[in-house]
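Undergrad: One-letter residues, chain by chain:
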Amino acid sequence: MESKTIDFERGWDHVYKGIKQLRRILEGLPEPLFTSGEYVMLYSTVYNMCARNPPHNYSQQLYDKYREVLEEYITSTLSPSLRGKRDEFLLRELVKIWVNHKVMVRWLSRFFNYLDRYFVDYRSLPALNEVGMTCFTDLVYREVQTNIKDAAIVLIGKEREGDRIDCSLLKNVLDIFVAVGMGSMERYEDDFEADMLRDTGAYYSRKASSWIEEDSCPEYMLKCEECLKKERDRVFHYLRSSSEVKLIEKVQHELLVTYIDRLLEKEHSGCRALLRDDKADDLSRMYRLYCKIPRGLDPVADIFKQHVTAEGTALVQAIGAASNAPGVQEHVLLRKIIELHCKYMAYVTDCFQNHNLFCNALKDAFKVFCNNTGTDSSSAELLATFCDDILKKGGSEKLSDEAIEETLENAVKLLAYINDRDLFAEFYRKKLARRLLFDRSANDDHERSVLSKLKQQCGEQFTSKMEGMVTDITLSRENHAAFEDYLRSNSAAHPGIDLTVTILTTGFWPSYKPCNLNLPTEMIKCVEVFKGFYETKTKHKKLTWIYSLGTCNLSGMFDQKTIELVVSTHQAAVLMLFNTSDRLSYSEIMDQLNSTHEDLVRLLHSLSCAKYKILSKQPDTKTISRSDYFEFNSKFTNKLRRIKIPLPPVDEKKKIVEDVDKDRRYAIDAAIVRVMKTRKVLGYQQLVSECVEQLSQTFKPDIKAIKKQIEDLITREFLERDEENPNTFKYLA
Amino acid sequence: MPPRASKRKTAPPNSSSVTSSDGRSVFSKTKTKGLGKIDRLFNSYANSSSGEIDPDGIVALCSDLGVDHTDVRILMLAWKLKAAKQGFFTQDEWRTGMKALRVDSLSKLKKVLPELEIEVGKPSNYEDFYAYAFRYCLTEEKQKSLDIESICELLNLVLGAQFRPQVDSLIEYLKVQSDYKVINLDQWKNFLRFVQEISFPDLENYDSGLAWPLILDNFIADFIRTLREP
Numbered sequence: 006m007e008s009k010t011i012d013f014e015r016g017w018d019h020v021y022k023g024i025k026q027l028r029r030i031l032e033g034l035p036e037p038l039f040t041s042g043e044y045v046m047l048y049s050t051v052y053n054m055c056a057r058n059p060p061h062n063y064s065q066q067l068y069d070k071y072r073e074v075l076e077e078y079i080t081s082t083l084s085p086s087l088r089g090k091r092d093e094f095l096l097r098e099l100v101k102i103w104v105n106h107k108v109m110v111r112w113l114s115r116f117f118n119y120l121d122r123y124f125v126d127y128r129s130l131p132a133l134n135e136v137g138m139t140c141f142t143d144l145v146y147r148e149v150q151t152n153i154k155d156a157a158i159v160l161i162g163k164e165r166e167g168d169r170i171d172c173s174l175l176k177n178v179l180d181i182f183v184a185v186g187m188g189s190m191e192r193y194e195d196d197f198e199a200d201m202l203r204d205t206g207a208y209y210s211r212k213a214s215s216w217i218e219e220d221s222c223p224e225y226m227l228k229c230e231e232c233l234k235k236e237r238d239r240v241f242h243y244l245r246s247s248s249e250v251k252l253i254e255k256v257q258h259e260l261l262v263t264y265i266d267r268l269l270e271k272e273h274s275g276c277r278a279l280l281r282d283d284k285a286d287d288l289s290r291m292y293r294l295y296c297k298i299p300r301g302l303d304p305v306a307d308i309f310k311q312h313v314t315a316e317g318t319a320l321v322q323a324i325g326a327a328s329n330a331p332g333v334q335e336h337v338l339l340r341k342i343i344e345l346h347c348k349y350m351a352y353v354t355d356c357f358q359n360h361n362l363f364c365n366a367l368k369d370a371f372k373v374f375c376n377n378t379g380t381d382s383s384s385a386e387l388l389a390t391f392c393d394d395i396l397k398k399g400g401s402e403k404l405s406d407e408a409i410e411e412t413l414e415n416a417v418k419l420l421a422y423i424n425d426r427d428l429f430a431e432f433y434r435k436k437l438a439r440r441l442l443f444d445r446s447a448n449d450d451h452e453r454s455v456l457s458k459l460k461q462q463c464g465e466q467f468t469s470k471m472e473g474m475v476t477d478i479t480l481s482r483e484n485h486a487a488f489e490d491y492l493r494s495n496s497a498a499h500p501g502i503d504l505t506v507t508i509l510t511t512g513f514w515p516s517y518k519p520c521n522l523n524l525p526t527e528m529i530k531c532v533e534v535f536k537g538f539y540e541t542k543t544k545h546k547k548l549t550w551i552y553s554l555g556t557c558n559l560s561g562m563f564d565q566k567t568i569e570l571v572v573s574t575h576q577a578a579v580l581m582l583f584n585t586s587d588r589l590s591y592s593e594i595m596d597q598l599n600s601t602h603e604d605l606v607r608l609l610h611s612l613s614c615a616k617y618k619i620l621s622k623q624p625d626t627k628t629i630s631r632s633d634y635f636e637f638n639s640k641f642t643n644k645l646r647r648i649k650i651p652l653p654p655v656d657e658k659k660k661i662v663e664d665v666d667k668d669r670r671y672a673i674d675a676a677i678v679r680v681m682k683t684r685k686v687l688g689y690q691q692l693v694s695e696c697v698e699q700l701s702q703t704f705k706p707d708i709k710a711i712k713k714q715i716e717d718l719i720t721r722e723f724l725e726r727d728e729e730n731p732n733t734f735k736y737l738a
Numbered sequence: 012m013p014p015r016a017s018k019r020k021t022a023p024p025n026s027s028s029v030t031s032s033d034g035r036s037v038f039s040k041t042k043t044k045g046l047g048k049i050d051r052l053f054n055s056y057a058n059s060s061s062g063e064i065d066p067d068g069i070v071a072l073c074s075d076l077g078v079d080h081t082d083v084r085i086l087m088l089a090w091k092l093k094a095a096k097q098g099f100f101t102q103d104e105w106r107t108g109m110k111a112l113r114v115d116s117l118s119k120l121k122k123v124l125p126e127l128e129i130e131v132g133k134p135s136n137y138e139d140f141y142a143y144a145f146r147y148c149l150t151e152e153k154q155k156s157l158d159i160e161s162i163c164e165l166l167n168l169v170l171g172a173q174f175r176p177q178v179d180s181l182i183e184y185l186k187v188q189s190d191y192k193v194i195n196l197d198q199w200k201n202f203l204r205f206v207q208e209i210s211f212p213d214l215e216n217y218d219s220g221l222a223w224p225l226i227l228d229n230f231i232a233d234f235i236r237t238l239r240e241p
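These protein sequence lines are chains A and B, in that order.
Quick note on numbering: the first sequence equals residues 6 to 738 in this note's numbering.
Quick note on numbering: the second sequence equals residues 12 to 241 in this note's numbering.
So that you can see chain A by itself, here it is in the shape it has in the complex:
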């Protein structure tokens, strides 16, 4: 092809012919389509008119002509068809002319393509399709934008009411809004979306105000869920995805936020009622609906907490009021609390997706009623007793291993809600000691499993002593094997009685008061022999004997038959006195035994006034007095060959509480010093709150106790009050 300059008129004439042909095609007239040859010709004509040096460069004129052509096309062909049309018809027509316009622009741009390549950039002018878009916007869009917006919104409204509408039509209309924005979503947002959202808001506001009157909470929620789903579908089908967030927010606001209080508080079907009636599905729905709304779940969690607290408190009161035998009552209470816990934990996990708010609500609720049992015993003690009941022999033999594990696991979970964790530890330790020493533990594995659960929940320090106790028992068994070897190799040293000694590491075990009981000679010999053995093992440790924890098997040579008696060491010491005397008075026994009155009364009672009367007492009253006389009851018999004479334990509750209180004072003292050492100067309220924080793992300290310790530390000159500010304290190094 020769590149020669071309005359503008001639060139334009050629191009214009092509344009006219294009218009006829678009009008649907029978016109052949452009062949590729024809197209190339048109393109080249333009090329020749532009790729020239001036004065034969007609780029600017062609650029202007392009616009002219388009404007002419729009005003003569496209716009008129819109006039007089309304609603859906308007929309349809608009889409039709939009399509036509696009085709026109596309083809024209192809013809004039050369301009786009160089001229446009060179002169920083809008590209051809931009020009096309601007023409459409100015001449068509601006005139009809309000009407089409309204028509579109009307259609949406119809769809909301249940009519079927032409979704693809709407989609195409909205595409126009977007296209007109030319890269930005401004036109879509300002000219359509804003009003659409407003209309949506008004629509749902109307609906909500009537639904909230007529519907129950579950019904209302179902409707909400449906509406939200439908709106999302709307976005999917024709709205722009950028509208989704704003749309959903609007709907949620009108349906869920505005009426949240009325909805949740509905008398027979609101949140409280749903909890009461165990409507898990409805509660799950409630969660789903409100979890996306900022702070939407707060009131729900609050109602949940109130409900659980009320249930728990009612439970505690009901069982407190019932007149079962003590012990049974408390066991029942704990079982019921565990059941309650499992029930509402399931809600938290299933309905509320383990959300933090609900976990905390449950925790707070349980903390309220778990600490107030309404009985003499604290909840810490009850829980320890509960565990003891399960772990000791004869406690829960009817339950399967899994059931026991589960119960223990749930019991340990409750510990998190009890303030006096340290008190629990003390009670548990005391009972563990009894189980271990009197061989009352049902199952070693369960014992260990509870300790590991406690360790997990409360930390290593909590269980270190208890674990030490269990280890001691194991070590003692090994030790016993060594002792037996020792006896075998030193037959002269053998005391003549089977002896088992358990060695307890002081510090792990609860403190026991040592006693100065006079033992019978046979036992004294045992003690000596063991001492001898122990010294061969280690010379650095001191043994302190605690006879109150021992057991003894005696053969009681009664007239009818010999019966083996399983008694405590103290009881045995009493009985063996009667090997040398037939009849003894209280004071004689007292002298020979060197016991305390308190202990002796207990001992003699268990042997003469309880179920098995091994000793006969004169006078034969139900209580022990210091003027009584005792004799070996040779007439005693029993169908069993071996009986255990129980010795009821001393009530250590008071002592345990005292010990724990003392420990707490030290702990508070240490905590205050720790905090002040770091902070040097601190206000009173902050000091208190930091101490409470530090101690929270172990117990909930009494504020008064903290104040008292602060004063004590002032007296001991660790702290002083600030001269200027009497509510601030300073650490004295």
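Treat the hints with care, as some may be off.
What the hints assert, rightly or not - Each computed SDA-like pair below joins lysine to any residue, with the alpha-carbon atoms no more than 25 angstroms apart:
{"id": "1", "chain 1": "A", "residue 1": "K712", "chain 2": "B", "residue 2": "F211"}
{"id": "2", "chain 1": "B", "residue 1": "K192", "chain 2": "A", "residue 2": "A672"}
{"id": "3", "chain 1": "A", "residue 1": "K566", "chain 2": "A", "residue 2": "M581"}
{"id": "4", "chain 1": "A", "residue 1": "K658", "chain 2": "A", "residue 2": "T601"}
{"id": "5", "chain 1": "B", "residue 1": "K155", "chain 2": "A", "residue 2": "M581"}
{"id": "6", "chain 1": "A", "residue 1": "K709", "chain 2": "B", "residue 2": "D158"}
{"id": "7", "chain 1": "A", "residue 1": "K713", "chain 2": "B", "residue 2": "D197"}
{"id": "8", "chain 1": "A", "residue 1": "K713", "chain 2": "B", "residue 2": "S189"}
{"id": "9", "chain 1": "A", "residue 1": "K712", "chain 2": "B", "residue 2": "I235"}
{"id": "10", "chain 1": "B", "residue 1": "K155", "chain 2": "A", "residue 2": "N118"}
{"id": "11", "chain 1": "B", "residue 1": "K155", "chain 2": "A", "residue 2": "E729"}
Said to hold, decoys possible - Anything over 12 angstroms on all C-beta distances counts as not near chain B; from chain A, calculated:
{"id": "12", "residue": "H273"}
{"id": "13", "residue": "G400"}
{"id": "14", "residue": "T526"}
{"id": "15", "residue": "Y617"}
Claimed, not checked - Negatives, chain A to chain B, calculated, CB over 12 angstroms:
{"id": "16", "residue": "K372"}
{"id": "17", "residue": "K566"}
{"id": "18", "residue": "L582"}
{"id": "19", "residue": "A675"}
These are calculated hints, taken from the structure and not from any lab test.
It should be emphasised that the depicted structure is a prediction, and the values quoted were computed from it without experimental measurement.
Think of the CB as a built atom: it goes at the ideal place given N, C-alpha and C, for glycine as much as any other residue.
Add chain B to chain A, keeping to what the hints say.
TA: Frame of chain A, contents of chain B only:
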């Protein structure tokens, strides 16, 4: 405040005079004269063997001043003298105090007592005097607290005139309660703060959530309780 007997560890130095190398007294004539009168006044009450004014001497001084020896003004005097031990004035303390009061005779001392009261009452001095009153009553070397009975007397003496209702109620409570057998300086200081800051008897601005000593929290709780069940 009745003076108490106490054990003194060291004897105070006898009145000293400083002489220059040529033997003449360093003090000027007038000062010697002034000191002389003060010393003479001191000696008229001092115990000749111990060289200081002991409880008997103080009783005599009080009687001459026309003031009961349990009067708070004697305590104020002790404060002015910065007397270290309750019931005793040493010569140094006497000299310092009399000079500070610009007094060298009994009659002048008598006249200056009202001024002394005013001086003590000044806010800048009062806290110091108040704390001094407590320390003055400590008799043992390492003693840090006073028994309840002494505290009650001291409260009455020091604060009774100005804060009669609070002091009466507080003393009543202190005698009845059994949580505390002694009071330390910190608690003592807070009694003053209490009567000064807290409106009585409505106790409207008392907040037990603040760092008031526990004994005051307990007092308030008890007081409110008795108000409800007269």
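Undergrad: The structure should be examined with respect to each hint, and the outcome stated for every one.
TA: Do the hints match the structure? See the list:
1. With a C-alpha separation of about 24 angstroms, the suggested pairing of K712 of chain A with F211 of chain B holds against the 25 angstroms cut-off.
2. Note on K192 of chain B and A672 of chain A: the hinted pairing holds, with a Cα-Cα distance of about 24 angstroms set against a maximum of 25 angstroms.
3. A C-alpha spacing of about 18 angstroms is found between K566 of chain A and M581 of chain A, which places the hinted pair at or below 25 angstroms, so the restraint holds.
4. Between K658 of chain A and T601 of chain A the CA atoms are separated by roughly 20 angstroms; this keeps the pair inside 25 angstroms, and the hint holds.
5. With a C-alpha separation of about 57 angstroms, the suggested pairing of K155 of chain B with M581 of chain A is violated against the 25 angstroms cut-off.
6. Distance hint between K709 of chain A and D158 of chain B is fulfilled; the C-alpha atoms sit about 22 angstroms from each other, no more than 25 angstroms.
7. A C-alpha spacing of about 13 angstroms is found between K713 of chain A and D197 of chain B, which places the hinted pair at or below 25 angstroms, so the restraint holds.
8. Between the alpha carbons of K713 of chain A and S189 of chain B the distance comes to roughly 14 angstroms, so the proposed pair stays at or under 25 angstroms and holds.
9. As the CA atoms of K712 of chain A and I235 of chain B are separated by approximately 20 angstroms, the hinted pair is consistent with the 25 angstroms bound.
10. Between K155 of chain B and N118 of chain A, the direct Cα distance comes to roughly 103 angstroms. Violation of the 25 angstroms bound is thereby established for this hinted pair.
11. A hinted pair counts as satisfied when its Cα atoms are at most 25 angstroms apart, and K155 of chain B with E729 of chain A qualifies at roughly 22 angstroms.
12. For H273 of chain A, the requirement that its beta carbon stay farther than 12 angstroms from each beta carbon of chain B is met, with the minimum near 42 angstroms.
13. Chain B leaves G400 of chain A outside its interface by the beta-carbon criterion, the shortest separation being 43 angstroms against a cut-off of 12 angstroms.
14. Chain B leaves T526 of chain A outside its interface by the beta-carbon criterion, the shortest separation being 51 angstroms against a cut-off of 12 angstroms.
15. Chain B leaves Y617 of chain A outside its interface by the beta-carbon criterion, the shortest separation being 47 angstroms against a cut-off of 12 angstroms.
16. Its beta-carbon lying about 21 angstroms from the closest one in chain B, K372 of chain A satisfies the requirement of being farther than 12 angstroms from that chain.
17. The non-interface label for K566 of chain A is consistent with chain B: the shortest C-beta to C-beta separation is roughly 61 angstroms, beyond 12 angstroms.
18. Residue placement check: L582 of chain A keeps its beta carbon more than 12 angstroms from all beta carbons of chain B (closest about 46 angstroms).
19. Against the 12 angstroms criterion, A675 of chain A stays outside the reach of chain B, whose nearest CB is about 19 angstroms from its own CB.
When held up to the earlier numbered hints, the structure conflicts with 5 and 10 and fits the remainder.
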